[in-house]
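Which chain is which? The protein sequence lines are A and B, in order. Numbering (the numbering used here) for the first sequence: 1 to 741. Numbering (the numbering used here) for the second sequence: 1 to 741.
If you are wondering where the hints come from, they were derived from the structure by calculation, not from laboratory data. Any given hint could be a false lead.
If chains are identical, the list can't say which one is meant, so a pair holds when it fits in one copy or spans any two.
Claimed, not checked - Calculated cross-link-like contacts (lysine to aspartate or glutamate; reagent style EDC-like; alpha-carbon spacing at most 16 angstroms): (1) Lys231 with Glu65; (2) Lys524 with Glu319; (3) Lys248 with Glu359; (4) Lys737 with Asp67; (5) Lys356 with Glu220; (6) Lys364 with Glu508; (7) Lys248 with Glu405; (8) Lys231 with Asp67; (9) Lys293 with Asp575; (10) Lys556 with Asp443; (11) Lys356 with Asp643; (12) Lys137 with Glu116; (13) Lys517 with Glu161; (14) Lys364 with Asp511; (15) Lys317 with Asp113.
There are 2 protein chains.
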Amino acid sequence: MQYKLTVVFLLIFSISWAQKSPVDYVNPFIGTSNFGTTNPGPIAVRGMANVSPFNVAGPQNLPLEKDSRWLSTPYVHENTFLTGFSHVNLSGVGCPELGVILTMPTTGKIITDHLEYGSTYSNEISQVGYYSNVLDKYNIKVEATATTRVGVSKYSFPAGESNILLNLGLGLTNEEGANVKVVSATEIEGVRSVGSFCYYKPEEAYPVYFVARFSKAADEFGVWKKPTTYKGVESEWMGYNGKTRLMKGFTKEVVGDSIGAYMRYNFDSPTQVEMKIGISYVSLDNARENLEKETLDRTFDGILLDARKEWNQYLSKIEVEGGSEEDKTVFYTALYHTLIHPNTLNDVNGDYPKMKTRETLKTKGTRYTVFSLWDTYRNLHQLMSLVYPKQQSDMVKSMLQIYDESGWLPKWELNATETTTMVGDPAGIIIADTYLKGIRDFDVEKAYKAMLKSAGQLKDNPLRPGLQDYITKGYLTTKTTNSGSVSTTQEYNIADYAIAQLAKEMGEQSDYKRFGKRAISYRKLFDKEFNLLRPRNDDGSWLTPYNPESGANFEKNLGFIEGNAWQYTFMVPHDIKGLMKLMGGPKPFAQRLQDVFDKGQFDMANEPDIAYPYLFNYVKGKEYRAQKLVSDLLDEHFKNSPDGIPGNDDTGTMSAWAVFSMMGIYPVNPAAPMYALVKPKFDKITIHLDDEYYKGRKLVILSNTVENKEPIGEILINGKPHKEYFISHKKLVNASKIQID
Amino acid sequence: MQYKLTVVFLLIFSISWAQKSPVDYVNPFIGTSNFGTTNPGPIAVRGMANVSPFNVAGPQNLPLEKDSRWLSTPYVHENTFLTGFSHVNLSGVGCPELGVILTMPTTGKIITDHLEYGSTYSNEISQVGYYSNVLDKYNIKVEATATTRVGVSKYSFPAGESNILLNLGLGLTNEEGANVKVVSATEIEGVRSVGSFCYYKPEEAYPVYFVARFSKAADEFGVWKKPTTYKGVESEWMGYNGKTRLMKGFTKEVVGDSIGAYMRYNFDSPTQVEMKIGISYVSLDNARENLEKETLDRTFDGILLDARKEWNQYLSKIEVEGGSEEDKTVFYTALYHTLIHPNTLNDVNGDYPKMKTRETLKTKGTRYTVFSLWDTYRNLHQLMSLVYPKQQSDMVKSMLQIYDESGWLPKWELNATETTTMVGDPAGIIIADTYLKGIRDFDVEKAYKAMLKSAGQLKDNPLRPGLQDYITKGYLTTKTTNSGSVSTTQEYNIADYAIAQLAKEMGEQSDYKRFGKRAISYRKLFDKEFNLLRPRNDDGSWLTPYNPESGANFEKNLGFIEGNAWQYTFMVPHDIKGLMKLMGGPKPFAQRLQDVFDKGQFDMANEPDIAYPYLFNYVKGKEYRAQKLVSDLLDEHFKNSPDGIPGNDDTGTMSAWAVFSMMGIYPVNPAAPMYALVKPKFDKITIHLDDEYYKGRKLVILSNTVENKEPIGEILINGKPHKEYFISHKKLVNASKIQID
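Only chain A is shown next, with the shape it has when bound in the complex (with noise of 0.2 angstroms):
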């Protein structure tokens, strides 16, 4: 059977082979293996809703099948059989949850066991906003697209019996439970429990409440129920023990935690069939206002037309010419990749759940969640301080709010609980960076008392565990932590570095030199024997025996989360001029820091040590070192294919890197308002910045020897000969162009 494609998508065909807009550029495949567990399901710019094709489930798919492994992603590009479309998702995450609300359509008879319904597909088409595949099976073409808040799609049914399956037992979330309900032949209305990310605070465990309608009423509907199977004396008596049940005609709620609902239709022809699905973190009245505000009266080809007008006037705030077709590729889809996550938490309406107890709040501007803030602290909030910054200074606002709800800044909040996934206290380097770059209509004051209470708190800081040790000894000890002693160290350091910062611009000049000093604690974890840096015990000797590569591949140690001494001794930024000096000066550093490259144990796929490769323009000399390694890495680990992300995106923490990388500049000291060069991968980059911020500038990046690999010879600013390799954030924003060649 042969599916038409729509006059609208024809003319989005058409307008891009005339001139390729950003949004032509961007192959949602890209991370889709490799662990990049980003999806190729359509989601608008920092959308709630997202129907992402769910391939993880059934032993079709090992070894890449969700129980069998800790896996993290609704969908696995080499995996082949799909059990439906989850509509809420993360990308880029290390741990699995959510991948809930999972539709399907089939025809024939009612199965609702998804081993049993299961389908491999093919002709899989993922752009901006879209996605399609036929689902061999069942003949049945699929094809999605989002609003903010709402998944849409339209499955293509052909001739005879149909059905549209709502499963809510099914989900990448480790949690359980859920309640639905039909409430008439075009719409269905259920709530389905997640939480217990990275398996841990189940305790936080939440609802995620939607609304389905469709575009034709049911013939039949129903719900199903598979119970738990009863032990004992009664369950001779249960001839269904344990037998999932249909419920024809049911309208009532059904609840548990293998439950499920359908449309059911009977089609004399083939019939397109839409369905929305609005999602809601707060209640069922607001999934549907959500559904009815954003897509009510509206056409799926209408949705996905205006989906991709918003992501192209997003990704054209960054125009570039030349380079390859791949590197545009890989450039827009890593800047598609930072535009996803955070996103946004609240309803049309402004509602939005309070921290942890849930109750209903309301907010003015966006209230963002998924702060995976160990690794966006590092690139994407300053890519969005930069580009975006109406969305950064609303995710600092969030931050805010999340602050007054829960007594404490973000450290891996999700949808308003906080995770405490991972160490150290990066919202306030974030604030402070977000701040020193002109971003400061949010209220300082708070975010500052707020910083200053993570950094003094001794007891029951959920943000800082072993500030005593910290704060009187300098640092975490093998006996404070049995996980990353050196690292946390270090982290404490960014974050106190960052307030140090705060404190000088706020004039607070106590704190200043408080902080300052406490922010080069680490020096006293630098042992001279191995020139790294190596964890102590509570009695100040070093950990012996110490061997600097255990950490690597994330393996467990005392000293280093996700890491070794490689990866973490030159995370410093704010004090790479004092490191030289522990490391004999410049010349050591330079060498010590080529080592790690040398002898393997360079990461590209974890955060502590990305900024690496910048640290060579540290050395008067060295800076080629950093502009060959940026290419050689780009090359290498960013691809337009699916394992085009070097491993988990780390909500975009990844692409942004690559984002800035490509356009030669980068934030290698995330409290400091100021960037490194490197030779830009595109021969003009034209960044479009913010009216507001930044009244509307426009900066213009060029270079006329990107395809060369010589050192860049000269670096010119609106004209004029710029010495250094690093550019302040201020004369970057007011820059016309900068030319590096």
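Following the hints, put chain B in place on chain A, whose structure we already have.
Just chain B, lined up with the frame of chain A:
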């Protein structure tokens, strides 16, 4: 610690001391042992809500523990370990169902496992509309009362940490799944899945909604969830696998099979908290509206007073004088038990769920539910027609609503599900009986059509399986069914007799003849060899070998449901003369009937033979046997003690037997408007007949010879001798005085 009785309560006591009212004679403990399956919790007249102590969970209650055996009641008098108070319950049924929405007051820490928080109890009091005990473990006094749709409790806590637990996991039903949300510090709302009555029809499981309000705002609240236990590799990462989690302050929905919510207080001094739980089978909004309309701004004491007032009005429709205090207690408790089921299904606003699919419908009168018709067609509805004709009229209308919604009259309807429990086609018998008694304010044409449908539709007939054989052969065979071919034939005969009687009244002469003929087809199953009924095989031969005793004690057998040939042969109340003829005349008939009792085959605890004693009235000169047997059976089986009902009350059928029998009248032929007469148990019985249906007449039954055991010497109606031992309904309701001496 001593609790003071409230002033109101003392008031009730003082009034009753002066002159006992009918309510004061009710002992709700009657029937709570010996598998009577009534419960001592408060309930309004035909109430939807009922606050029953729940003492059937936990090994402490073995052998009468709910999961260790077939147990169909939330409360057993001899049990001692209480795990809460369930708010929707069935009374006098033979299958476990409902017994959910359990609340439990505790002190100290929050413990959510009922096996741990359960307690023994003392000072147990049960009266009409009131239950009270003291929980030994916590020294909490619990009091409970109810309106039609709201359970109302008063917990008297000692000083200190106190909790009210709302457990939605535990329940008598085998159905699981719930949804709960703490709305505020004074309100919790939720849904609990129930259904699968008699371990059957799980596909019709359905939700019950509730809203709980607390008179004091909780100092802390929360929810809990015990998830199912994961297996496989993921369980290694789940430190919380299968463990209960407490979610303090959580304010959104929590869904699961084993969940609950709690309100927590810290009292400076002993404090009372009142809790109201509104119930609905339609929606949360309706549960809230029920709660508000019935109890807003009303206190426990006021509600209790009104509950007792309402009960007294109903019970006072029959006033008895003379007789022992014990007899009065037995009588009024029995009458009380006939006013529990059928009970109210609709909300205060008239909403109720449609059969099976549960769309919301609206009713003008009361939509009754819990129609255990195989039981109640024999006498309970006859009692309603006589004493509470308005209710009986609404019950018939409810049956017609069920027909409208499902296409079939009810058989064993329970909260808008047809459980299809037991056999036969009993609704029509009741409808005909009601109509023939002059209660005619329902759509009799529709009713007649409905009766003809179940009597005529050969295929997919849920009421009369095996109808084809029944019509062509006159009986079901051992091939037609493997359980009860004879008894089901008898049930169909009675139902056909009812159609014939109604047809006659409506002038449908040919139907009258046809069904009159069909109604006596049981005669083909009469075997002269045994002088009893006997199953026939498909080829017409007798089932051989044949032991007419088999089937006693509910043993499953080919010929009879829940009985044997002895207990069923005389169950042809509409054709006693025909049966006499088969047996060789009145004398052999009386002898064979006497054999039933002499051979110990009579079973007072099950329906088929409960009219047997009255059949002696059909044999001139043997009427004394009826009188003696009824009197002896009342004395033996109906007592003022927990085991004071012969067995399962069968939603009031056993109680209705006692009520009629103690008044000296019994509706011996269910579809005929007449009664058999025996000697009453009271000197004077006054029935205040209904204004609307019986012009408010007062019927007095008198007897001067209650005390002696002599046979009846004379019956006078309005002073004139009455020669028969039967009386027509018409004559009865038009009589002023019936003297039986």
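For each hint, the structure was consulted:
Taking the shortest alpha-carbon separations for lysine 231 and glutamate 65, only the inter-copy value of 15 angstroms comes in at or below 16 angstroms, while the best intra-copy value is 29 angstroms. Taking CA atoms no more than 16 angstroms apart as the test, lysine 524 paired with glutamate 319 passes in neither setting, with 46 angstroms inside one copy and 96 angstroms between copies. Within a single copy, lysine 248 and glutamate 359 get their C-alpha atoms only as close as 35 angstroms, which misses the 16 angstroms cut-off; across copies the closest is 12 angstroms, which meets it. In this assembly of identical chains, lysine 737 and aspartate 67 lie within 16 angstroms of each other by CA distance neither inside one copy nor across copies; the values are 52 angstroms within and 79 angstroms between.
When the C-alpha separation of lysine 356 and glutamate 220 is checked against a cutoff of 16 angstroms, the pair qualifies only between copies, where the shortest distance is 14 angstroms, while the shortest distance within a copy is 39 angstroms. In this assembly of identical chains, the alpha carbons of lysine 364 and glutamate 508 never lie at most 16 angstroms apart, being 31 angstroms within a copy and 74 angstroms across copies at closest. Proximity of lysine 248 and glutamate 405 under a CA criterion of 16 angstroms is satisfied inter-copy only: 15 angstroms between copies versus 44 angstroms inside one chain copy. Only between protomers do lysine 231 and aspartate 67 lie at most 16 angstroms apart by alpha-carbon distance; the minimum there is 9 angstroms, versus 25 angstroms within a single protomer.
Neither within a single protomer nor between protomers do lysine 293 and aspartate 575 lie at most 16 angstroms apart by alpha-carbon distance, with minima of 50 angstroms and 70 angstroms respectively. For the homomeric pair lysine 556 and aspartate 443, neither the shortest alpha-carbon distance inside one copy (39 angstroms) nor that between copies (78 angstroms) is at most 16 angstroms. With identical chains, the CA atoms of lysine 356 and aspartate 643 are never at most 16 angstroms apart, being 36 angstroms at best within one copy and 52 angstroms at best between copies. Only within a single protomer do lysine 137 and glutamate 116 lie at most 16 angstroms apart by alpha-carbon distance; the minimum there is 11 angstroms, versus 52 angstroms between protomers.
In the homo-oligomer, the alpha carbons of lysine 517 and glutamate 161 never lie at most 16 angstroms apart, since the shortest distance is 72 angstroms inside one protomer and 48 angstroms across protomers. Proximity of lysine 364 to aspartate 511 under the C-alpha cut-off of 16 angstroms is found in neither arrangement, the shortest distances being 32 angstroms within a copy and 74 angstroms between copies. When the C-alpha separation of lysine 317 and aspartate 113 is checked against a cutoff of 16 angstroms, the pair qualifies neither within a copy, at 46 angstroms, nor between copies, at 57 angstroms.
The earlier numbered hints that this structure contradicts are 2, 4, 6, 9, 10, 11, 13, 14, 15.
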